[in-house]
Structures are given as C-alpha cells and as structure tokens.
Amino acid sequence: MKVSGKAHVYGDNVDTDVIIPARYLNTPDAQELAQHCLEDLDATFASRVARGDILVAGRNFGCGSSREHAPRAIKTCGVSCVIAATFARIFYRNALNIGLPIVECPDAAAAIRAGDAVAVDFDTGVITDETTGRTFRSEPFPPFMQELIAAGGLAAFWRARK
Amino acid sequence: MAQTMTQKILAAHAGKEEVRAGELILAKLDLVLGNDITTPVAIGEFPKFGRAHVFDRTKIALVPDHFAPNKDIKAATQCAAMRAFAREQGIVHYFEVGHDCGIEHALLPEKGLVTAGDLVIGADSHTCTYGALGAFATGVGSTDMAAGMSAGETWFKVPGAIRVVLTGRPRRWVGGKDVILHLIGLIGVDGARYQSLEFTGPGVAALAMDDRFTIANMAIEAGAKNGIFPVDETCRAYLAAHGAQAPKVFAADPDAGYARTIKIDLGALEPLVAFPHLPSNVRPVRDAAGLPIDQVVIGSCTNGRLGDLRLAAAALRGRTVAPGVRCIVIPATQKIWLAALEEGLLAQFAAAGCVVSPPTCGPCLGGYMGILAAGERCVATTNRNFVGRMGHVESEVYLASPAVAAASAVAGALALPE
Ligand code: SF4
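Each protein sequence line maps, in turn, to chains U and R. First residue of the first sequence? That's 1 in the working numbering, and the numbers climb one at a time after it. First residue of the second sequence? That's 163 in the working numbering, and the numbers climb one at a time after it.
Hint data in this document are derived by calculation from the structure and do not stem from the laboratory. One should not assume that every hint holds.
What the hints assert, rightly or not - Calculated cross-link-like contacts (lysine-lysine; reagent style BS3-like; alpha-carbon spacing at most 25 Å):
#	chain 1	residue 1	chain 2	residue 2
1	R	Lys410	R	Lys178
2	R	Lys273	R	Lys410
3	R	Lys170	U	Lys75
4	R	Lys319	R	Lys210
5	U	Lys75	R	Lys178
6	R	Lys410	R	Lys233
As the list claims (entries may be wrong) - Now the stretches of chain R that chain U is said to cover, found in silico as 3 or more residues with beta-carbon under 8 Å:
#	stretch
7	205-217
8	267-274
Claimed, not checked - Restraint ranges, calculated between C-beta atoms of paired labels, are given here:
#	chain 1	residue 1	chain 2	residue 2	range
9	R	Pro438	U	Ala110	22 to 30 Å
10	U	Pro140	R	Asp218	34 to 42 Å
11	R	Gly537	U	Pro106	30 to 38 Å
12	R	Arg249	U	Ala43	51 to 59 Å
13	R	Gly206	U	Gly115	32 to 40 Å
Beta carbons are placed, not taken as given, at the ideal position from N, Cα and C, and that holds for glycine.
Between the sequences and the hints, there should be enough to build the whole structure, so can you do that?
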C-alpha cells in the first residue's frame, strides 16, 4: 500500500488535547470531530487539509489522553498517514486499532518541510520527499501489527482469528 | 529469566512461565473500564467484534464522570447511551451520578474493584492509577475497550522498566504530587515511553496510599505504560478496608533487568510546580512564588482524595481565598465528599470563599465548572497543563499539590504553604 500527499509539519509532544480539545468530546461522531482536528495547535488546519495529506511531527506525537477521538479525527479529516519521530504509546495502539497508518521515522520527521509532497510505501517502509528528492527508511511493523493493519483494524483482525 | 513485577503479572495472565520485554502476548483481563466520553465510541465498536454480550458483566466498570452531571445536551446523550448499554448488558458496576458516583480512578479502588496482581485496562489514560495497589493497569482506547468487553482478553507488548528507588521520608507539605513532578521533571514527558515505572525502596513505606495513587496516576505523564508499587502492609490494609479480593502478590526478581535506575531521596524534595505547557516544566515553588493567579482547582483523579482535601484545609488554616481568585474544590467521589462533610472540611472550604462542587472531572479536562478565559492562570492539583487543557488556548495551568494550591488561593499568587 502506498499513500502520497502534502505535508503538514508540527513539533514535539503534540498532545491529544490539541488534536481534539475536550470541549468537542461531547459527541462520538467522527465527522463532527474532524472539523476541529488540531484546532488548538493550528486553527486553520481543518480547513486547509486535503484528502491524502500527511501529518509530520517530532517526538511523542499523541501524548496525553487516551481519547481515540484523536486518531479518528485525524483519519476522518482526510490524513492518509502520520509520520513522527516517535509516538506516545496509547496513540500508537489506537491508530493501529482503527486503521490509521502511522510511521515512526526520526530522520524523515526532521527533514520534511511543510508543503513538501511526500509519499509513503508501507510495504517497503520507504518514505520519499518528492519535493527534495530525499528518501528515508522506516522500521517495518512486526508481523502481528502488519496482520492487524492488513485486516483493517482490531475488530476485523479479532473476528478473523476467532 | 529474572522478571520485573509488571512482567510477572503479565505472564500470569498470559498463562506463561515468563515473558520478555518486547514480546507480544495475549492476556486475560480482570477489569475493563470506560467513562462517558470513551464508552460511547466503544459501544459503537462493540458489535463489530461479533458477540452480542460482554464476556463477564461483573468485570466491566462504567463511570459517568467527565461531563457528568450532564453539562449539556450532547453530554447527556452520551451518558444516556452508556446507561442504556449498562442496563441492556446487565453491567454490575455502573455508577450512577449521586448514588455512589465519582471520578473513575478514585472510585474503583474505593469500591474494592481492583486488587493486587490484577490486570486492568481502561479507556482512560489515567487507568495507571491502580498500580498503587500492585496491579498492572494501563490506559487504552475505545476500540481496545470494546475488544476487552467482548473477548475478556487483549494483546500487549511486554514493557521493559525503569526502577525508581525511593528512600527517606517527605518533609511537611511535601507529598506524592511533588515526588511524581520531580520524576517527570527529571526524565521528561516521554522518559518512560513504552516502559513500566516500578517504584521500590524503603521510602515506599513512608508514603500513604493517597500519595501512591497520585504518583501512579501521573506515570502516564512520563509516557509510561504503567506505574506500579510493591504490595506492603499499607497496601494490604487498604485492600482489606475496601473489601477488595485477596491480593495476588507478585514481586520483582532482585536481579530483574531494568533499563535504568533512578534514586529519589524523599527527604530532599520540596514543593514543586509544573509550568505551562508540559508536566515536565518543573520548578521549585520557592523560585516561582508571587506569580499572580486567577483560579485554583483542588480535585481530580490525581489529588481529589480525602488526604488531599485534609492537606488543602490545613494549608488554608482558617484564612480566606484572596479577592478576585476563584477556588474550586472537587471531592473525587461521593464517599469522599460525605467524609469531608462530616469532618467539617467542606464547611471550612465554603467559609474560606471556595466553591465546593459535586464529584466530577469538570475543569480538569476543560469540561465545565471552571473553564479559563484567555490570559487566565490557574494553579491546579490535576495532571495536565497542555495548551488549552482547561479552557482558552491562551490560558495557563500550573500543576501542584493540594497544599500549594490552597496556599496559592489564599495568596492570590503561587505560594508555599507556610
Ligand atoms: S479527573 Fe481529569 S485526568 Fe482524571 S479522569 Fe477526569 S479528566 Fe481524566
């Protein structure tokens, strides 16, 4: 599987409170949540993001609250992949569980600039910054996680193995 | 192979002799928790796992606490969905507002629902609080909660661990909050990412259960998967007093492999405060005293227990809240609220000019009852001071102990409790 899109770049410790502020958590509706995605970090993001775009961030992306509303908002607003230097543990788990592709790659996270055209190949783990021509290699997921992603998330994975 | 305390609990629940850091395991769950924000999403996912009923209606806890008592129509709708699910599934541990309600992480230990050696997942990041009871407890998302409710088991990647050796006794006005803020300041907000924080050493005995809950609660603020304490007499007494099941005691092997060891002399600690916008921006209150504030919040799953309220009341010492400062006190559970009433603490708070709220998460997550305007500063006993956490993106939250929070309310500025 391969995705490509324009990069939106942010810093370290992007927490789930800025990804989807608690004032919007009075609904589980992903469409509604998506309208406020990243609002407290970048109020213009939700209106600028285009289908397929890629989020790029530094260390510890998704730290804080376990709200699955955060990866759901990111996925529903059209983001095709999140590349970060590292992910916070619960966010990492949640993203895989709901089928939002994420890639840990410190080099790519440091080099990619906002607006660059970026492509990610999940089979090879190769990230390409098509604007600068640079490529980066990310760790492939362990087999168990690959199965989970291929199944399209935890529910499908669970049903398949029972 | 030598194992950490966490690894032993995970191995026991995976039906294995031993597990290693990095290994993926399938483990049985003793309790699955959800609240009024995360449960509605889990209810949506639940049918997708292919079973009509939860795996065990006695092993699920549903707590309306974040936006309850309902703050608006949408919040009411979420609570109603959770209540309906609880009825339909016959969930035994559903806690209705007013009856025996409270903030989930104060409530579950109080109800005796967690015992030492348990494996607990909760769709709330501060589920790690129960590590104070010698349980493995960790926060997950709503899909994990749905999977757990359906199958009664879920997957884990076995974590490595950091050992935190505590020595000495804390001085007056120093407590669990200062211990954990010190640790987070030391290792950073991702210093324990994918790892356990295992607390040990002679200093553990000097910490009351309320202090241990506060410390384990904020393990997640260092990025940890769980925080855990050994099971000693204090812990056993708490479990027995709250009607928990007999403890299953697991102890770390003396030669267990730890990624690193951190030593903390409790006697050397002083009151600390975490400046915006990260829990790791820790400074001594001494160096920050005098910073004007607009609001104080004393409560939350971190510091809303009876011990915390007693400390806040002691720091108030019959004085009153500074003019222009709003001080909000929120006992974490109905039982704590009643005990504080009987001890005269609530009257003392109210007479001092505080507003006393029913149990709720409320302002902790910027929900309601204490939202900050642009430019406002709040000293809070909560656990997160991220951008916009308690309201406007240009507001500020300073994390501190109940003693510092109460002293600051009196001073109208960040202040030491003496
Ligand atoms: S009190 Fe705050 S941190 Fe604790 S469960 Fe409620 S919202 Fe979360």
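Quick rundown of the hints versus the structure:
no. : hint                            : verdict
1   : Lys410/R - Lys178/R             : 16 Å, holds
2   : Lys273/R - Lys410/R             : 18 Å, holds
3   : Lys170/R - Lys75/U              : 36 Å, violated
4   : Lys319/R - Lys210/R             : 23 Å, holds
5   : Lys75/U - Lys178/R              : 37 Å, violated
6   : Lys410/R - Lys233/R             : 40 Å, violated
7   : 205-217                         : holds (count 5)
8   : 267-274                         : violated (count 0)
9   : Pro438/R - Ala110/U: 22 to 30 Å : 26 Å, holds
10  : Pro140/U - Asp218/R: 34 to 42 Å : 37 Å, holds
11  : Gly537/R - Pro106/U: 30 to 38 Å : 36 Å, holds
12  : Arg249/R - Ala43/U: 51 to 59 Å  : 41 Å, violated
13  : Gly206/R - Gly115/U: 32 to 40 Å : 36 Å, holds
Of the numbered hints stated above, those contradicted by the structure are hints 3, 5, 6, 8, 12, listed in ascending order.
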